[in-house]
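Protein chains: 2
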Amino acid sequence: MKVTLKKVAEGAVFDVSNDAGGTVRLAGSPDHGGDGVSLRPMEGVLASLAACSAVDVVHILKRQGEPLRDLTVEVDADRADAVPAVFTRVTLRYVIDGPVNEDKARRAVALGVEKYCSVGKMLEATAKIDWTLTVRP
Amino acid sequence: MKVTLKKVAEGAVFDVSNDAGGTVRLAGSPDHGGDGVSLRPMEGVLASLAACSAVDVVHILKRQGEPLRDLTVEVDADRADAVPAVFTRVTLRYVIDGPVNEDKARRAVALGVEKYCSVGKMLEATAKIDWTLTVRP
Numbered sequence: 551m552k553v554t555l556k557k558v559a560e561g562a563v564f565d566v567s568n569d570a571g572g573t574v575r576l577a578g579s580p581d582h583g584g585d586g587v588s589l590r591p592m593e594g595v596l597a598s599l600a601a602c603s604a605v606d607v608v609h610i611l612k613r614q615g616e617p618l619r620d621l622t623v624e625v626d627a628d629r630a631d632a633v634p635a636v637f638t639r640v641t642l643r644y645v646i647d648g649p650v651n652e653d654k655a656r657r658a659v660a661l662g663v664e665k666y667c668s669v670g671k672m673l674e675a676t677a678k679i680d681w682t683l684t685v686r687p
Numbered sequence: 551m552k553v554t555l556k557k558v559a560e561g562a563v564f565d566v567s568n569d570a571g572g573t574v575r576l577a578g579s580p581d582h583g584g585d586g587v588s589l590r591p592m593e594g595v596l597a598s599l600a601a602c603s604a605v606d607v608v609h610i611l612k613r614q615g616e617p618l619r620d621l622t623v624e625v626d627a628d629r630a631d632a633v634p635a636v637f638t639r640v641t642l643r644y645v646i647d648g649p650v651n652e653d654k655a656r657r658a659v660a661l662g663v664e665k666y667c668s669v670g671k672m673l674e675a676t677a678k679i680d681w682t683l684t685v686r687p
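Line by line, the protein sequences give chains P and D. Using this note's numbering, the letters of the first sequence map in sequence onto residues 551 to 687. Using this note's numbering, the letters of the second sequence map in sequence onto residues 551 to 687.
In case anyone wonders, no lab produced these hints; they're calculated from the structure. For glycine and all other residues, C-beta sits at the position ideal for the given N, C-alpha and C. Treat each hint with caution, since some may be false.
Calculated pairs, DSSO-like style, for lysine-lysine (alpha carbon to alpha carbon, straight line, at most 27 Å) [said to hold, decoys possible]:
id : chain 1 : residue 1 : chain 2 : residue 2
1  : P       : K665      : D       : K665
2  : D       : K654      : P       : K678
3  : D       : K678      : P       : K612
4  : P       : K665      : P       : K654
5  : D       : K552      : D       : K665
6  : P       : K654      : P       : K552
7  : D       : K665      : P       : K612
8  : P       : K678      : D       : K612
With beta-carbon atoms standing in for the labels, derived distance ranges [what the hints assert, rightly or not]:
id : chain 1 : residue 1 : chain 2 : residue 2 : range
9  : D       : N651      : P       : T638      : 36 to 42 Å
10 : D       : R686      : P       : P687      : 35 to 41 Å
11 : D       : A559      : P       : P649      : 43 to 49 Å
12 : P       : K678      : D       : S579      : 27 to 33 Å
13 : P       : R613      : D       : R656      : 19 to 25 Å
14 : D       : E624      : P       : A635      : 24 to 30 Å
To give an idea of the interface, some chain D residues facing chain P are shown, with a C-beta separation under 7 Å as derived from the structure [as the list claims (entries may be wrong)]:
id : residue
15 : V558
16 : I610
17 : Q614
18 : V625
Looking at chain P on its own, in the form it has when it is part of the complex (with noise of 0.2 Å):
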């Protein structure tokens, strides 16, 4: 797995790019040179937490013929207070839109979260990381 982070315009603003051309824009903060408007770098984990579960709902979910129609996830984290400042508190909001079966939703969020998630796995070292989840039929 492989990805290049190019520096773009003044400051500390970036844009990484993989393989099959993808990109995502991260910046420090804006007493760092960032642009004040880009992901963090450790919103960009939090980006990555969310979106390695919420594969996985998708995937299972779609697999069990559930008619999942929206899927939006609110993530919050408290950070130590110390350098680094690691995350320490992790809760991921899951609110699926769609007449699907709550058990399997919460099963597959579970599931999602707990067992398949490298990204999951590697921040449990430092974080608790715990969810919710709300379906809208």
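Chain D: place on chain P using the hints.
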């Protein structure tokens, strides 16, 4: 710290945004509903690691008045042969363009990767992280 993931289009393609309006697109593998282009979640973690350390390198060299002209970081990683497939090794290849003092650059990368970077600190639990530096005056 907070981000929100939204499913976009069919399958497992997601936009993840922060409160400032920055967005990154991440997707599952093609056989899990991905678009075959966007960064995969684990690539997002590598991107965040590269950006995290790069922010500090840019900041340190700027504070020292070193004339950094450009910066590229190639990241490659090995993953465990297991589910979840955590990173076991990550290599960051820094290339700095500009007539920068090489000792200072080396010190900046060492501090960025090994000391200040919160992402790296979290990944250390499962992965050996190493780096190289090339300065092209």
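Margin query: So, as I understand it, the hint says Q614/D touches chain P; can you test that by seeing if any CB pair is closer than 7 Å?
Written below: Q614/D check fails; min Cβ-Cβ to chain P is 14 Å, beyond 7 Å.
_Given hint K654/P paired with K665/P - CA-CA distance at most 27 Å_ = Given that 27 Å is the threshold and the Cα spacing comes to 15 Å, the pair holds.
>> For K552/D and K665/D, compute the direct alpha-carbon distance and say whether it is at most 27 Å.
In response: Holds - the C-alpha atoms of K665/D and K552/D are around 24 Å apart, at most 27 Å.
Can V558/D be said to touch chain P, with a Cβ gap under 7 Å? At about 10 Å, which exceeds the 7 Å cut-off, the nearest Cβ of chain P leaves the hint on V558/D violated.
- Given the hint that K654/P pairs with K552/P, test it: the Cα-Cα distance must not exceed 27 Å. Given pair K654/P, K552/P is violated - Cα atoms ~35 Å apart, limit 27 Å.
Query raised in the report: Does the Cβ distance between N651/D and T638/P fall inside 36 to 42 Å?
Result: holds, 37 Å
Is the straight-line distance between the alpha-carbon of K678/D and that of K612/P 27 Å or less? violated, 36 Å
When you check the alpha-carbon spacing of K654/D and K678/P, does it fall within 27 Å? At roughly 37 Å apart (the allowed maximum being 27 Å), K678/P and K654/D break the hint.
R656/D and R613/P - C-beta distance against the hinted 19 to 25 Å:
Given range 19 to 25 Å: violated, Cβ gap about 50 Å.
Holds or violated: is there a CB of chain P closer than 7 Å to the CB of I610/D?
violated, 10 Å
Taking the Cβ atom of E624/D and the Cβ atom of A635/P, is their distance within the range 24 to 30 Å?
holds, 26 Å
- Message: Between the alpha carbons of K665/P and K665/D, is the straight-line distance 27 Å or under?
- Response: Not OK: K665/P and K665/D at ~30 Å, beyond 27 Å, violated.
Comparing the model with each numbered hint stated earlier shows that hints 1, 2, 3, 6, 7, 8, 10, 11, 13, 15, 16 and 17 do not hold.
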